[in-house]
Each structure stands twice: as structure tokens, then as C-alpha cells.
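Colleague: Spelled out, the chains give:
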Amino acid sequence: MRVGLFIPCYIDQFYPEVGIATFELLKKLGYDVEPPMGATCCGQPMANSGFEQEAKEVYHHFVNDFAEFDVVVMPSGSCTMHVRKHYDIIPQTDEVKHVRTKTFDLVEFLLDQGLAQLPKVHFPKKVALHTGCHSLRGLKVGKASELYGPPESALEKVLNHVTGIEFVPLSRADECCGFGGTFAIAEEAVSVKMGQDKMKDVVGSGADVLVSNDMSCLMHLDGIVKRQKQKVKLMHIAEILNLGKK
Amino acid sequence: MQDKHPEKAATFIKDEARVDWHDAALWHVRSKRDVAVDDVPEWEFLRGMASEIKAHTLSKLDSYLLDFESNAKKNGVTVHWAKDGEEHNQIVLSILQKNKATKVVKSKSMLTEECELNPFLEAEGIEVIDTDLGERIIQLRNEPPSHIVLPAIHIKKEEVGDLFRKELNAEPGNNDPTYLTHQARAHLRKKFLKCDAAITGVNFGIAETGEVIVCTNEGNADMGVHLAKVQIHSMGLEKMIPRKKDLGVFIRLLARSATGQPITIYTSHHRKPIEGTEKHIILVDNGRSDRLAMPDYSNALKCIRCGACMNTCPIYRRSGGHSYHFTIPGPIGSILAPTVDTTAYSDLPFASTLCGSCEDVCPVKIDIPHQLYKWRQDIAEAGNLSSSKRRSMRLTAKILRNEKSYKRFGKLMNVGLKYAPKFLLNNKFNKWSIGRDLPKAPKQSFKSWYKKNHGK
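Line by line, the protein sequences give chains P and D.
Quick note: the first sequence, position 84, residue 84 per the working numbering, numbers continuous.
So the mapping is simple: the working numbering equals the position in the second sequence, first residue as 1, plus 1000.
These are calculated hints, taken from the structure and not from any lab test.
Be aware that a few hints might be false.
[Stated by the list, open to error] No farther apart than 25 Å at their CA atoms in a straight line, the calculated lysine-lysine pairs in the DSS-like style are these:
hint, chain 1, residue 1, chain 2, residue 2
1, P, Lys231, D, Lys1440
2, P, Lys226, D, Lys1431
3, P, Lys229, D, Lys1302
4, D, Lys1008, D, Lys1389
5, D, Lys1083, D, Lys1060
6, D, Lys1190, D, Lys1100
7, P, Lys229, D, Lys1014
8, D, Lys1440, D, Lys1452
9, P, Lys143, D, Lys1032
10, P, Lys120, P, Lys233
11, P, Lys126, P, Lys200
12, P, Lys125, P, Lys28
13, P, Lys56, D, Lys1374
14, P, Lys143, P, Lys85
15, D, Lys1440, D, Lys1407
16, P, Lys226, D, Lys1014
17, P, Lys229, D, Lys1404
18, D, Lys1083, P, Lys27
19, P, Lys85, D, Lys1451
20, D, Lys1032, D, Lys1302
21, P, Lys200, P, Lys120
22, D, Lys1398, D, Lys1431
23, D, Lys1389, D, Lys1374
24, D, Lys1060, D, Lys1074
25, P, Lys226, D, Lys1440
26, P, Lys28, D, Lys1452
27, D, Lys1103, D, Lys1272
28, P, Lys233, P, Lys157
29, P, Lys85, D, Lys1398
30, P, Lys140, D, Lys1302
31, P, Lys56, D, Lys1398
32, P, Lys97, D, Lys1374
33, P, Lys200, D, Lys1245
34, P, Lys85, D, Lys1374
Please put together the full structure from these sequences, using the hints given.
Modeller: Have a look at this one:
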């Protein structure tokens, strides 16, 4: 299977280690992986700010880059949701339809492909989990606590294949972290307060590490952790899964 | 210029102890809701059913409204139609004047808030007393409600104690909620006994029978309606449901979603005037039929005003209802407000991270996050965003539409992050850095790493 790996702009620029981990993990799993060098962004930052029309050319650029692959995988539920849901405003050519239906968040992809192949990893840490809202509620990867029945964490399902982890529960397991793209700037006060509250919950849980499938949430929380000089480590799920050998 | 949501929220957040208390109080309500929901295995089915009943009703609203009118008339009720808030208020006034009514008790009604009925009647020399405890508290404070179900949720019991001491002669320093409630009760009893007319809102209107359903926990609507010679029920056009047997679906959803109760304490069916009294129903449009004609936004009319989207909203909980500067706050308010005035409320669709929890809790499945997203597009298109924002977004699109410009920009940003002194990046002009550090610039981007290690 030819996998087109999309590394979102902010991961490319700020968190290359997450891109590297995702790439290496997919390689270890035996996929023919390639991150097209022309890829830039899914267009969400513009569209969420109200400039969907301006983002159209970015959508076309994305589709051109990825139409040749069997599937598109990215370490971000938010970008995945954007491609799948919001690329409906450009003409629905075969390429566009293909890219929209074959784009997956990494966790979603792993669950879909089966977890038995995952590299063996031992990670003896106390781990708290944060599923990005666009994965949880947008893509329905897992089940949010407000729906009927017990909540489900897709991250936990995947990380159950890692030995040594002790999961520590948060008091509000799926409360939004407060990033929200340009919301983080436009509504700075609320955004920061939400991030502080999320980290207070994480620190209170006794976790050594907070793991997420969405690096944009972690970028925002990383800013809070550094400013507050907290000791919790933030990791993308790919970084843990990639610790194992092939 | 008047403060918008970001500024109002920032002011609210300054008092950290208070915002934490506000957040916890509402989270408590959300948690109670979750427990109540888990008692109903067919919960998700009920939500779907309620959503479809509303969709059906809205698709034939005109004929259901006419059925309702004709059945209500058969019950001996006078039915009025008001195209907007002003006409609604005029109708209320004329009914009151005809009956020489000067003392009015009113039970909770977001519609009369929307129409600004109280100040209108007061200017005409009519006393209007809100009889819901929370509503009475904010009325005495001369404030609008901050929540549609819990109008005084932003006020602490100590503040209620002080208020009642000043306004109702309650004893100083006694902030016991039971004591304070008894004070309010004694005060309101006198008002009920002396009232000339009672006004209520309406939760549901049943086309088949012409009756209206009013749900309260305090029984205050019933007390007014049963005592007053003149009863007025003000009802938005969208409150219609076709048949009495549809009601059960909504009753099971409403209180569980709102407060986590299986049902409100009183679910009262008002059908006919008591002998010797008169009953009026005012059907109010006030922009509702305009909304019905907007394909992207019409299903917001399904709303049954349970407030669940507010309780679950992480932004609402941390910014307070007044930060939305609209009658209906929170996520649902943020999609309703721009239909009323797109420019004045252009900030509200942006007061969201689009986390989607509001849609998950909504008992009638309104696609609130999608409508927020859609409003952002419409607001930008209508030119309601600053030109600097438009310029920066156009520039971003230009950078991102091709590889070369993206690479140039990436390098520039990286160099900036690496070499700029901390005080330059972490200053008050950079909003990111007020409460957060910026990410550290890595040695190389992912793409440079890839080219070096795996490049062909």
C-alpha cells in the first residue's frame, strides 16, 4: 500500500520529531511511505477564520500532492477532519473524492489496519490521554463522554499494545484543551485559561506524560507547561509507538 | 466601540476564583445530565426522533400553526399573531389596558426577554414581577439572565443574601439558601395574590389540541395562571409540535438535558381559560420565519432551550453568559445572534474552538459546530472582519499554495524563533505569548530531515 504521509505545517516547522516518528513507525509497519515534499497545509487555519474561499487554492494544492497515493495518513485528527469534511466546496473530481475518503488520522489508520503488527514497546510511565476534539467528536475516533454509555478512548485502545503503561484518569477526560487554531489568538484569555485548566487536571492526575494524537493541542499545552514550569512531558502517540524495534 | 466576546471574557477571567467556581457549578450540571442520560438506554434514539419530529414540523410549520390557532380558538382562547417584538409588546399592553391590569406576574420566558417586554411595560406604568427565583434575583439586580435555564448562575449565594437584605428586608449575614428561598417565596406570594394578569413563556404548543405546555420547577407559572383573571402565553412560532403523543419524546429529553432531572417538577398543560377569566396566546415571529428560509441555519429553530450546550461548553463556562452580549448566550446563542444582526454579533461564531461537544449534548441534534463554521464564512464574506485579518489570511493562503513560498516562509520563521531575543517574542503584542511560551525552533524541519536521510 502506498501511503502519502502528510506532515502538517506546524509539525514540519516546530515538531519535526513527531513527523519523523510517524514516518518511521509507518515504515516499520511495512508500508511504502512517502511524504510529498511539495505538501504545505490542509487550509484549515484560513477556513476556520472564515476565509474558506481563499483556502480553495490550498485545497487544490493538497489534492494534487496526494491524489497519487492509496491512502493519506497524518499525525493530526484536526487536519484529517478538515480534508474529509470541508473539501466539499471545490469541484468533486475523482481525485478530490479519492483524497477525501482515503485520508486518515494516524490513530484511526492504525485501528483500521489492526494493532497486532505494532512494534513491541515497553513504556513504564504514568500516562494521561488527550484525544483531540476533532478526532473524538468530528471523526468519531473513540466516544465522547457526553454520548450515551461509557466513553471510549481510541488512544487507550492503541496504547494497550504497549507494556508497562499505567493509565491515569483525568477528572474531565475529554474537555477541550483550548487551542482551536486562530481561537488561541483571537480568544487569548479563554484559550490560555482552558489550557491551564487542562494541565492542572493532568498534573493533579500524577501523570508523567500526557499523550495525544493531535500535535496542535500539544503545541498549545507545551506553551502552558513551559510558562508554568511544569514537569509533565508531552508526547505525540507516534513517538511512543515508534520506540519499538521492527 | 462596545467590548466584544474576547474582551468581555478576558474581564470575566481576571477573577480566577470566580471563574473556577462558575466553571465547576456548570460542570456539575453537565455531570448530573450525564448520569440522567445513562438511565435511558434509548437516549440516542430519542434524540434522533426529537430531531426528526422538529424537522417535520418545521417543514409544514404554516399548516401546523393554523391548526393550532383554530384548535386554540375552539378552546375559548384568543390567539394573536405578532410579527416582531414590538408588535408582541403592543399586543400585551392592549390586553392589559383593556382589562385595566397594572400588576403583572411573569414566569420565565426567554421570548419576553428577547422582546424586551419588561422595560416596555414598566415605561407604561405597569408593574412586572418575574416570579422564577433566578429571574427575580437578576430583576432585582437589574441585569439580564446569563443562562437560559439558570438565569442567575453567575451570582453567589452571598451576593443573593446581600441583595435580599437590601431589597426584601432579609436578615443580615444569613446566606443559607433555604432561608433565602423562603424570603423570596414570602415576597412572591404577596405579588401572586395581588396580580391582575399572568404572563408565561411556552415550552411546547400542540397543534392537534391547541394547548400549550409550560415546564417549571417552582410552579410559579401555574400559580400566576391559576390566580390571574387574564392569562397571556407568549410563544415563539418554532415551539410547535404536531400531536400530543409527540410530547413524551421531548419531555423525556428536556429536563434530563437541562439539569439532569428525569422531568421538571411541573409539566403543565394549559388549554382553556378558567370560567370568568380570559386566556390569550401570542404567536411571535420576530425573525423566525426569516431563519426558516435560510437553509444553512434553519434547523437552529429545533432548539427546545434546554441549555445543555451552555453547560458543556468549555468557553461558556469560562467566560460567563454576559460575555455573549445577546439574549441567548453560549453555542446556540452564537448561531442565533448573527441572524438578528450579523455585524453586531460577528464576534460570536468565533467564540468557539469547534470542539463539538454542544452538538453531542443537543437533544434535538442541532449541528451547532457546522453552523458556527458556516457563519464564519458568511461573516468574512460580508466584510465583517478587519481588513488586516483579511490581508493576513490572503497572505497565508499565498504562502501555503506552493512549495517554494512555504519553504521561504518556514526558514524565515525558524530563523526568527532562533535568533530573536525572548523579550521580542514574548511581548504583549504577541498574543500567543501572554500566557504561553512559543515553541523552540528545532535544528531542522521535518522536510530537511527527510531530504537528508531519505531523499532520492
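Colleague: Just to be careful, I want the Cα atoms of Lys56 (chain P) and Lys1398 (chain D) compared with a cutoff of 25 Å; is the pair within it?
Modeller: Satisfied, since the Cα-Cα distance of roughly 11 Å is no more than 25 Å.
Colleague: Could you grab the alpha-carbon distance between Lys1440 (chain D) and Lys1407 (chain D) and see if it respects the 25 Å cut-off?
Modeller: Judged against 25 Å, a Cα distance of about 18 Å means the pair holds.
Colleague: Within a Cα-Cα threshold of 25 Å, do Lys1083 (chain D) and Lys27 (chain P) meet the stated pairing?
Modeller: violated, 65 Å
Colleague: Between Lys233 (chain P) and Lys157 (chain P), is the straight-line Cα distance small enough, at 25 Å or below?
Modeller: Holds - the C-alpha atoms of Lys157 (chain P) and Lys233 (chain P) are around 21 Å apart, at most 25 Å.
Colleague: Assess, step by step, whether the Cα of Lys229 (chain P) is no farther than 25 Å from the Cα of Lys1302 (chain D), and give holds or violated.
Modeller: violated, 46 Å
Colleague: Would the pair Lys1398 (chain D) and Lys1431 (chain D) pass a check requiring their Cα atoms to be no farther apart than 25 Å?
Modeller: holds, 23 Å
Colleague: Are the Cα positions of Lys1190 (chain D) and Lys1100 (chain D) separated by 25 Å at most?
Modeller: holds, 20 Å
Colleague: Are the Cα atoms of Lys1083 (chain D) and Lys1060 (chain D) separated by 25 Å or less?
Modeller: Within the cut-off at roughly 19 Å; holds.
Colleague: Between Lys28 (chain P) and Lys1452 (chain D), is the straight-line Cα distance small enough, at 25 Å or below?
Modeller: holds, 19 Å
Colleague: Check whether the Cα positions of Lys143 (chain P) and Lys1032 (chain D) lie no farther apart than 25 Å.
Modeller: holds, 19 Å
Colleague: For the pair supplied as a hint, Lys226 (chain P) and Lys1014 (chain D), confirm whether the alpha-carbon distance does not exceed 25 Å.
Modeller: Cα-Cα ~21 Å, so holds.
Colleague: Measure nothing beyond the straight line between the CA atoms of Lys85 (chain P) and Lys1374 (chain D); if it is 25 Å or shorter, mark the hint as holding.
Modeller: Roughly 13 Å between the alpha carbons, so the hint for Lys85 (chain P) and Lys1374 (chain D) holds.
Hint compliance for this structure: hints 3, 17, 18, 19, 21 and 33 are broken, all remaining hints hold.
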